[in-house]
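Take a look at the letters that make up each chain.
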Amino acid sequence: MARGTKGRWLVLAVPYLWLFALFLVPFFIVFKISLSQDAIAQPPYEPTFDLSAGWDAIREAVGQLNFDNYSYVLSWDNEFLQAYGSSLWIAGISTLLLLIVGYPIAYGMARAPKSIRPTLLMMVILPFWTSFLIRVYAWIGILSPEGLLNQFLMFVGLTDEPLEILATDTAVYIGIVYSYLPFMILPLYAALEKMDETLLEAAADLGCPPFAAFWKITWPLSLPGVFAGCLLCFIPAVGEFVIPDLLGGSDTMMIGKSLWTEFSVNRSWTVSSAVAVLLLLVLVVPIVFYQNVQAREMEGR
Amino acid sequence: MSTGVTDKTQKTIGGIRRKFAPWNDPGAVPLIRYKNVTKRFGEFTAVDNLSLDIYEREFFALLGPSGCGKTTLMRMLAGFEEPTEGQITLAGQDLVGMPPYRRQTNMMFQSYALFPHMSVWDNIAFGLKQDGMEKAAVAARVEEMLKLVKLETFARRKPHQLSGGQRQRVALARSLAKRPKVLLLDEPLGALDKKLREATQFELMDIQMELGMTFLIVTHDQEEAMTVADRIAVMDHGRLVQVAPPAEVYEQPNCRYVADFVGDVNIIDAKIESVAPGAVRLRSDAADMSLMIAQDVEAKPGDQAWIAIRPEKVRVDLDPPVEQGVNCLSGTIWDIGYLGDLSIYHVELPNGARIKAAKPNLTRVVERPISWDDKVWVSWTPDAGVVLTR
Chain A
411 MARGTKGRWL VLAVPYLWLF ALFLVPFFIV FKISLSQDAI AQPPYEPTFD
461 LSAGWDAIRE AVGQLNFDNY SYVLSWDNEF LQAYGSSLWI AGISTLLLLI
511 VGYPIAYGMA RAPKSIRPTL LMMVILPFWT SFLIRVYAWI GILSPEGLLN
561 QFLMFVGLTD EPLEILATDT AVYIGIVYSY LPFMILPLYA ALEKMDETLL
611 EAAADLGCPP FAAFWKITWP LSLPGVFAGC LLCFIPAVGE FVIPDLLGGS
661 DTMMIGKSLW TEFSVNRSWT VSSAVAVLLL LVLVVPIVFY QNVQAREMEG
711 R
Chain B
14 MSTGVTDKTQ KTIGGIRRKF APWNDPGAVP LIRYKNVTKR FGEFTAVDNL
64 SLDIYEREFF ALLGPSGCGK TTLMRMLAGF EEPTEGQITL AGQDLVGMPP
114 YRRQTNMMFQ SYALFPHMSV WDNIAFGLKQ DGMEKAAVAA RVEEMLKLVK
164 LETFARRKPH QLSGGQRQRV ALARSLAKRP KVLLLDEPLG ALDKKLREAT
214 QFELMDIQME LGMTFLIVTH DQEEAMTVAD RIAVMDHGRL VQVAPPAEVY
264 EQPNCRYVAD FVGDVNIIDA KIESVAPGAV RLRSDAADMS LMIAQDVEAK
314 PGDQAWIAIR PEKVRVDLDP PVEQGVNCLS GTIWDIGYLG DLSIYHVELP
364 NGARIKAAKP NLTRVVERPI SWDDKVWVSW TPDAGVVLTR
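Those protein sequence lines, which keep their order, are chains A and B. For the first sequence, the working numbering gives the first residue as 411, with consecutive numbering after it. For the second sequence, the working numbering gives the first residue as 14, with consecutive numbering after it.
Distance windows between CB atoms, simulated:
hint	chain 1	residue 1	chain 2	residue 2	range
1	B	55	A	694	51 to 57 Å
2	A	526	B	163	45 to 51 Å
3	B	110	A	524	25 to 31 Å
4	A	418	B	215	47 to 53 Å
5	A	527	B	51	28 to 34 Å
6	B	55	A	527	18 to 24 Å
7	B	110	A	625	21 to 27 Å
8	B	208	A	527	38 to 44 Å
9	B	110	A	526	28 to 34 Å
10	B	55	A	528	20 to 26 Å
11	A	509	B	163	41 to 47 Å
The set of hints was computed from the structure by calculation and includes no laboratory data. C-beta atoms are modelled at their ideal positions from N, C-alpha and C, and glycine is treated no differently.
Okay, chain A solo, but in the shape it has when bound (with noise of 0.2 Å):
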């Protein structure tokens, strides 16, 4: 019996330790960072703790640390906040393209005849054997003015002279939309697959045509569905930074662009992790809701 429950945590610790090796203590390196200052060192930012300077020097170097990143970002003139605003916006815009374009993908999945199921479940997996990185530059030479997009349309006779579709938010959101797509149809197809068909059936005995059954019977079960791929989708989106810095225009403004510029070209350190640790704030809110949906979901088993 307690040899028993010895095994039981011992199970339970190896993901605790996991989380705490590799999730918390990254996290609070970067907080850390975020509350010091620039500086030219190595690394580039001060104070440091030193554990063999003794504890006075510790407690000096706490209290060398401040908010100061924190309301540089924040301030309007920076900004910082247009680009988290802007992120959120495309982000948005984006999930709800692929809930639309992701939505009849899955059910088409979902209602295939059983034995070619697994056929298509692999066809939205394989994108994933090429890089992502390659993947999305492949879109430059799809978009570009002499791309592939623009010859097609003018051989067709759509437009005379090529659109302007690289380099600005449409290429953007067309990147995310291809990118993302996979991560929005497997949690609907499997929200899909599992509903019991006899479900339908019983709508139409009582009187309910096949369009109102989908709102009143399928749309509502697959909500769960729905919420997960949303999610899973929106909140790497808003911190996505390959998509818009090589299809975006120089007028695309994304966080995760802001932050490489910060951390890259302008050398902060700081102020990159202060943006880190906010942007992290602003997606607590859509995760918390994600796993009060999952927890609800669970209780309804």
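Given chain A, put chain B in place with the hints provided.
For chain B alone, kept in the frame of chain A given last:
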């Protein structure tokens, strides 16, 4: 309103209790008509050129093993399957091509198919709202249905908060709420335990009589079909083998398949010796004497035939019967099954065939007089068995 009558040969119709047998009345117009209906799934023929009439207020059972086509037959009435050939009419209206949501039938699904995201109340109200019924009328009807299935206090619960028996009642209330012309029940009691199933069978009969509706039930459980139904259709390989009231199916099966499927039966291989009006004489290697069955049979001497006899109609004794004209075979006890209320004696006949005899245990003794390997006599009267020619 509730009559509480459970005698299946009588029904209260228009306030008068009378014998209910519209299928014997040549003037009666059937409510449901299957006319030469065939349903094929690819190569497989689920329903094979089948014709069947079902009358208003009838409790009709489709009975058969899985894969016999009974569920397909029902689903064609609900509109979930379209017949490959043939015609189905409900109250004179052709149903072929009509989508399920326009048909005046409702179905209680085997899995219940309750909407998991809706409360009991909303589940029952679903079909009524679909018809655009007024709010007050919907509420009144839902309350009525909740009362009918005794679930008034559970209206706000979600299906996952209910027991299996309660879910079954919600499913029943939901399918009854729209007052359909026909209620279809697809193995409705399969998921319940034996005691609850038996109680629910009688409740179903009461509800059917109280509402005066036509019920069509699909089941593989012959006891269930016998208990609830006015008539039973025994199906095999997409065809109807026998359509008759339960007592007729049990006592006068028209072939070995029905005799064997419905209830327990002994089947004895025999040859017809002579045929007279109301009497058949047969010869079997299981018996030293000719066997008499009081029955009219269309056969001639020398034809192959089978005697079907139910175990409860076979007597087993240590001494030969003294009455005249009783069919009697000798054998030895091969096995005894003690069921409490009954004991089933398996008697081995001289030709190696075995015959089962059920004997009620009328006295409280632990040691019964008949034991293993005893030499015994099995006997039955001429009107206890039935001669089958196919």
